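Chains L and F, in that order, give the protein sequences. My numbering puts the first sequence at residues 42 to 197. My numbering puts the second sequence at residues 42 to 197.
Since the hints were made in silico from the structure, they are not lab data. Hints may contain errors.
A pair holds if it fits inside one copy or across any two, identical chains being indistinguishable in the list.
As the list claims (entries may be wrong) - List time: in silico SDA-like cross-link candidates among lysine to any residue, alpha-carbon distance up to 25 Å:
hint : residue 1 : residue 2
1    : LYS159    : ALA179
2    : LYS159    : GLN172
3    : LYS159    : THR118
4    : LYS159    : THR176
5    : LYS82     : PHE177
6    : LYS159    : GLY122
Keep in mind it's a predicted model, so treat the numbers as computed, not measured.
2 protein chains.
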Amino acid sequence: MTRPDTPTPEETSALRDAIDRALAARHESGKAGIAAAVLHKGQTIATAENEVQLQSDPTRHAEMVAITRAAASLGSTDLSGCVMISTLQPCEMCLAALRFAGIRRVIFAATQDRVAAKYFVFPHLRISDFQADGTFTAIGGIDEDRVLPLYETGEE
Amino acid sequence: MTRPDTPTPEETSALRDAIDRALAARHESGKAGIAAAVLHKGQTIATAENEVQLQSDPTRHAEMVAITRAAASLGSTDLSGCVMISTLQPCEMCLAALRFAGIRRVIFAATQDRVAAKYFVFPHLRISDFQADGTFTAIGGIDEDRVLPLYETGEE
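Whenever a hint applies, use it, and build me the whole structure from the sequences.
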């Protein structure tokens, strides 16, 4: 049985795929090397990369685009039971967005303490501040070494 | 001279217009009665209502749509110097989004303590937690009585 603080095989596989996309996206015009996915019943229903520059829209982080696409895929704004996968710890905007969408489980690679400060806008807040009600699971640091070169200096 | 903790005449006027739009939007199909605007050099460059149901997208709060449109209007993801106007205290997602966009001043009507809990996803966090670095001004409660009937019971 999988412990709740351990990624499932599907989650591990989806994160590996997201890291592959992030490493590729950094070389694509207008994209940044940050990638996300949304899983529903263990299946990937949405994938996305950061499109802030591509769309000239500061709200289009990878997780936000993934939420938009997942909601379209399910035909519902309620993503309860879905899992968010991200190559980078979700920022405060994305954490709140996924909570509004009903997502209660997040698996990510690079953790806030090991990346450039620019990826977070309220640096005195930590992910633990967003978990205080106990209904939210965040598992970070998975395959972290593969993505740290992308985020350590804030180039993405 | 206007004190920084007092809305300017342009901000007061833009908030009044936003409240008018919120009161109208609640009767429009698919829209919710929450409205926002972005000001640049005292001029309104973007207006929006909540489009979560209209677009079936949980990320499309009024402030988020306003940021998207303001960035398109200026042709830049950098909205530094702009002011966010909202009929309701921005949630954690919108606060982070406007900070990422460089917005450092927010004027709003209804305050968190007087509205339904559903408008915020991390209820133990208050707006003061997002102002800790001292570079952010939030002025709430302006014309609050006009909008409280919309938000007190969480019907919008």
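>> If the cut is 25 Å between Cα atoms, do LYS159 and GLN172 qualify within a copy, between copies, both or neither?
In response: Both. Shortest intra-copy (22 Å) and inter-copy (17 Å) distances satisfy the 25 Å Cα cut-off.
>> For LYS159 and GLY122, with the copy left unspecified, which applies at a CA distance of at most 25 Å: within, between, both, or neither?
In response: So LYS159 and GLY122 pass the 25 Å test across copies only (19 Å; inside, 30 Å).
> Given a CA cutoff of 25 Å, do LYS159 and THR118 count as a within-copy pair, a between-copy pair, both, or neither?
Replying inline: This pair counts as between: shortest inter-copy Cα distance 15 Å, intra-copy 29 Å.
>> Checking an output row: LYS159 and THR176, CA cutoff 25 Å. Within, between, both or neither?
In response: between (28 Å within a copy, 16 Å between copies)
> Under a CA distance limit of 25 Å, which applies to LYS159 and ALA179: within one copy, between copies, both, or neither?
Replying inline: both (21 Å within a copy, 22 Å between copies)
> For the identical chains here, do LYS82 and PHE177 meet the 25 Å Cα criterion within one copy, between copies, both, or neither?
Replying inline: Close inside one copy (17 Å), not across copies (41 Å); limit 25 Å.
In this structure, none of the earlier numbered hints is contradicted; all agree with it.
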